[in-house]
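Protein chains in written order, with this note's numbering: chain C, 1 to 502; chain W, 10001 to 11066.
Just so you know, these hints were derived from the structure itself, not from any lab. Because the structure is a prediction, the values reported are computed rather than measured. Treat the hints with care, since some could be wrong.
To be clear about the criterion: a stretch of chain C counts as covered by chain W if any three or more of its residues have a C-beta under 8 Å from a C-beta of chain W, and this derived list gives those stretches [what the hints assert, rightly or not]: (1) 185 to 196; (2) 224 to 238.
Sample of chain C residues at the chain W side, in silico, Cβ under 10 Å [as the list claims (entries may be wrong)]: (3) A45; (4) V53; (5) N72; (6) T87; (7) G101; (8) G151; (9) F182; (10) G256; (11) K266; (12) P268; (13) T272; (14) L326; (15) T330; (16) Y451; (17) K452.
Partial selection, computed: residues in chain W whose CB lies under 10 Å from chain C [to be verified]: (18) S10515; (19) P10520; (20) L10595; (21) P10758; (22) S10760; (23) G10813; (24) D10834.
The beta carbon of each residue, even a glycine, is placed where N, CA and C say it ideally should be.
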Amino acid sequence: MKRFKNYIPVILTIVFLFSCEEKLEDLNIDPNNPSAVTPELALPAGITSVASVVGGRFAIVGGIWSQYYTQNNASNQYKDIDAFYFTPSDFSTEWQEYYAGGLNDLKYVKEAAAANQDWNFYLIASLVEVYGFHFLTDIYGDIPFSEALRGDEGLSEPVFESSRSIYDSLLARIDNAMAKDFTAPTATDPGDADFIFGGDIDKWIQFGNTLKLKILLRFAEVEPNVAAAGIQQLYASGAQFLSEDAALDHFTDEAGKRNPFFEQDKSPALNTNQNLKASRTLFDLLNQYGDPRQDDIYNEAEDAAGGYKAMNQGDFNATSTALPPLTISTAKVGPTDPVFLISEAETYFLQAEAVERGWGTGDAEQLYNMGVTAAFERFGEDAAPLLAGPYALNTFASAPHLNGSGDRLGAILTQKWMALAGTYQGIEAFFDRMRTGYPLVSTVYHTDANYKAGQVVYPKEGTTSGKFATRVFLPDTETARNPNAPDQPAISDPMWWHSFVQ
Amino acid sequence: MRKLLLLGLSAVLTLASSESWAQGRAVSGIVTSVEDGQALPGVNVVVKGTANGTVTDAEGRYSIVVPESATVLVFSFIGRESFEVEIGDRSTIDVQMTQDVKQLSEVVVTAVGIERSERTLGFAATKVEQRDITQGRSFSPMNSLQGKVAGVNISSSSGAPGASTKVIIRGYTSLSGNNSPLYVVDGVPINNNASIFYDESNSIQRTQDFGNRANDINPDDIENITVLKGASATALYGSRAANGVIMITTKKGTANDVRVDFSSSATLSDPLRLPEMQNTFGQGWSGHFAFEENGSWGPKMDGVDRLWGNIVDNSQQIKPFSPLKNNVRDFYERGTSFVNTVALSGGTEKASYYLSYGNVSDDGVIPTDADSYKRHSFSLRGSTTGKKVTTSASLNYVHKDAKVVTTGQGGEGTTVFQEMIQIPRDISIVDHRDINYKFNNLDNYFTLYAQNPYYPILKNGNDFNEDRLYGNVNVGYNFTDWLNATLRVGGDIANAQVHDWVDKAIINDGTPNASANDIPGRIDNYSRYTRDLNADFILSSNNRIGEAITVNSLVGYNINDRASDNLHVFVRDLDIPGYFNINNSSQSPITSRTLTHRRLLGLYGQAEFGFKEYLFLTVLARNDWSSTLPPDNNTFFYPGANISFVFTDAFDMQGKTLSFGKLRVGYGKTGNDAPIYSIYPVFVASEVDLPFGNIAFPVGGVNAFEVSNAIGNLNLQPEITTEFEIGVDLRFFQERIRLDASYYDKDTDGQIMSVPLPVSSGYTSQVRNFGKVNNEGFEVLLNVSPVRSENGFNWDISANYTKNTTTLVSLQGGLERTDLTGLGGFFVGAYDVDFVGYPGQKLGLFEGPRILKDPQGRTVVNPANGLPQVDLDNPEILGSFQPDFIAGLSNRIEFKGASLSFTFDWREGGKMYSYTKRLMSFVGNTTQSTYNDRNPFIEPNSVIQVGTAEAPEYVENTVPVSMANISSYHGTGPYIDRNFLIDRSYVKLRELVLGYSLPANLVNRIGFRNLEINLVGRNLLLWTAQENNIIDPELTTFGNDLSGEFGEWGAGPTVRSYGISLRAGF
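I would like the entire structure built from these sequences, with the hints used as guidance.
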């Protein structure tokens, strides 16, 4: 008995121990982060992630590959892009921002909205998701799709699917989302959470149609029957297309709140803001026609002489004595400029192309004019004088930088390429070039007397023996972690919808 | 503690004998030490065969009344050999006592503060005494142990004052990011958080190391340090002790003695290793001179005067185009360090006290006090011993005030080291000191690609302040002579404030550098509070069964509760230059607060069975309940057992040669719970990462949250380490040679780690039990005393050798590879070199680009430029961080109070990534960049691929690497990162101490008890592998855990220090 007494404290502590257990459990609930949020709070995150990649890093890649810009000599930041000289770690940030950032959030919004039958949110999340996946497969090729974004279900090594099959699924997803009942009482007004149209569902339906048209046109050269059938059906259904920009215009000139292209190109983390210089490819064409957008797309040179000047594409190894950096114009981008998902000019050029190809109804020239006008109005410039002159569709179609005379398709796509420079959509113009071959590729470099302004050149320091880059590498963060990842394609392997043969 | 008890015991004996003193005669004398002649207080003096005795006083004097019948006096003192003296008819007997090596190491403090005789231990425990901890005069007790303990890898992350110290015992066991041992001061665990700041999304940008908290302990307050290495030694401490335990026993007051101890040192420091640079080619790029370039890719320096830099006010600077070999070294100043401690101690048989104040004041080698460390520490300890109740309490207060120089790549605000190593070889750095001078200011500085290195140290800075209070209260109660209870409660509360600023740097329009980006400035404020509470209740009993068997057992209950509160506020875009309050911006401050609270409960027990004092079996077990594990599965149990067999006693085989022999075998488990908040999914404030900069919500007045990139895991289980160890302790020639060797093999299964996921899963990581890691190793400590002479000439050598191999045994779910990118919150990785693990291979492999080869092994180059190509689908393993072995050698020679000690620390093998080398290569400053005298060359043994992709053919390459591409060849090619892995081997002369202790009789006369003067040096010499002429391989900027093994990113130099120290006792 005496011994037993001595163990009383032990027994007491054991009792205390079990009384503590419940508390232990509560301690592991994270007080720092919410465990649930509404679709209203997640939607802006999803839209912003998707927009920031297309309008950020890929505004730079697209700007260089569409030869609006080129890498400054005497600095280094984008040499790899301009010379097609990549490593598999180069585009992992963007891959991550899509899959683990935007697309994942949009999936959450979609699922939460579907559970509430809130079809407005469902529509927006679905369309931005399709937009994101479409962009991903266009730049990376075969990617995880139907098994993607399911890590929470324990599916953490998704298979890669062919880009071609993803296209079918994307079109199906648009149809699925647009078929919902947006008049249902459960459909709420997204309001401020809709960063693109402020909750206007009619505009989202136009966005859906325009996105579908854009996707279908990718088939134009390789599977024209599919493109024709799909586009004809779209027109037959009475589809309305966008007549304004679908853009994210919420940026302010504050660190961490700026336009993503501006933020990374002018970041204080880089020691110079001179990296992106005017390329002669676009600059010379604008200059040749006295196009006023030259001063909107490029900055005046910073040296004492000032004025606007461009440099040869990819000539970044030129010495600073031979090519004083401050004599060349830099890319013009503002901290509060919007990110354009689909620009107004783009929607008209898409329609113009559909009509010109005979698949859509309407007047191709009128749509072309509306596209050029919208591109000028983006900067408050007046397109009328040039449209009455060298930019008139049939005149421009016979311009020296195109294939002989009457190349109306070439004229539409070349003007589209010029227009997209003003909305930082060079990557879309690059896709068009891979798809159609416009703008044309010059057989000679910028320095040759026979060079025709407006034709794309193989960059001076290109490392791919005359073949343009067609894609970016799959990130090593994916290929190393996912046993289902395919072998790295070559940087100049064409996508299935590319018809442009180098 | 033991000493105290001993004193108490002798006091009791004295009292007991007091009845008989009337009949004797008085004998008195003084007891001193043979080694240094100092007086020995507290020595027991007993009349042999009686209980009649006394204790020597502070001056070593005693006086005793002995009965007429008495013939022999016995002098005994812990740590000294007992000594018997014939009394004869003498009335004065002076005695010199020698150190007893066997006794010295006899008592070891083991887990939960239990003191055990060393012979009973079935596991390795290494004890380091006070002198070895303090003689090198490092501010950090752990730095002092470098090279001295087998099985323990200690490295200092930089040469900056107050930098953190990494201690890894028996290899890395956990990939979850915490492999630090548990630090226990007087039986109570303390907080060892490191205050290392880095940009979480990109920790290569700006890193700041304000040190770790184990370094807060004033080495002068430490009595000894015991390192417990294996699982069977540490299991009682629970899951936090899975990586070993550093047990620190502090100094206590001694009875009958009021002592004042004073120690002071002043040391100077210089950079130990700076990168070796080429001195042939000067400023320029692509072979041409260019006055605005930040690199040395220009022409050969010809000594001819050249105009250089920007034209300012129609003037330009002129200087000879010739190398300035020491332009980087000249930048540094001599660092100073002062370390002082004063302690007052004393007591009676019933009570003791110890009071100390210490301060450290360091100013490092960077000009200005931008790298400085000040520490004030107060300690107060006391104890009482009663009949039934014993109490003791300790209270420590530490105030730290530190400033560090930011390392890393820069980002928002430049960093001094990165700016300095890219300056061309012909340009002076010290001449840029006046940052307002027209050629040196931001507008006109000679290059716009780098900033004047003086700018970041003069304009940017930080201030780290920490107040910390830690201590414990112990109450013991003796129920009976065999059963007692102890309640021990400890607390550790710290509050740190960090203020960091980057000044606004505006480059005016129309100036030569106008095209450089402005730095808008940034102010960060952090408030970091931590509170650790720990309580143990222990019941212990000591029994004897018959003559032969002893049973010592205990049961205990432990509560460990830890909480933290971190608040971070920052603004960018400052309005007023040079004003660094958070209100200095038109932008809204960005704030975040992170709270954590975790609790661990444990129930444990241990029983030690002894048989005839030569065979000991200890069995132990602990069960933990952790708040961080899934509620349904939050408990785990781990047992252990060990055997100690003193075979020399068992077989009665002590001879002249083998004087002591012990064999020990141990088996044990320890568990490790999960990182906090990793089981439930959450949403996080939305932020878009861009390659540079970000977009952080709220945006446009709208807030947003996004699905966290980490998936929760409700199936998490604790990590369990199972360790087997076997060891021997052999002593020869009366302890003149002592060999202590251990072999261990430990598996850590169910590794908890934030496993990177394929991003296409929608998530980047999940905390998982993902595999098994094995550490197998062998550690030897050999102590030899070649000379021990009566005249006081002693020579002791101590050598240790450790070989540890960490293997990633397996990965769960058939994973073929894991990348270690996210270790401990750091981004660990370089441009194209990854830190990875493959099952069945060494852990922590560097994987990088493989150069494309044709079937004959020739390099395939790009026909456009002659640069080697990379085989994209097949990255290559380029080595591991793990050393082949580490070893240490210490030596001490003493003669009559004079002594010479030195310690070498040798680490052989392993690799690390060096960004310093990368940047130097990029700008053409490395010695390797002068390859082929920088003339165009054809890559040796190279081919060009022709034919089709399906049927490639290879023809000899005739495309040279042109002048313009030589810089790409060395600095930017896609294969190039592999070249920046460097050999990590080094040998360092860690410590050199030349000391003299003045003779006791001399110093006593002038009122001192002891007086000692030392010349000290630390890290005086460094040898590295030939290929590493860049940095001290001990450096890291990736924190003080496994992440740090990756390498360095723009680190500063380590330093050598030398100076003088004084130690005096009154």
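Broken hints, by number: Structure breaks hints 2, 9, 16, 17.
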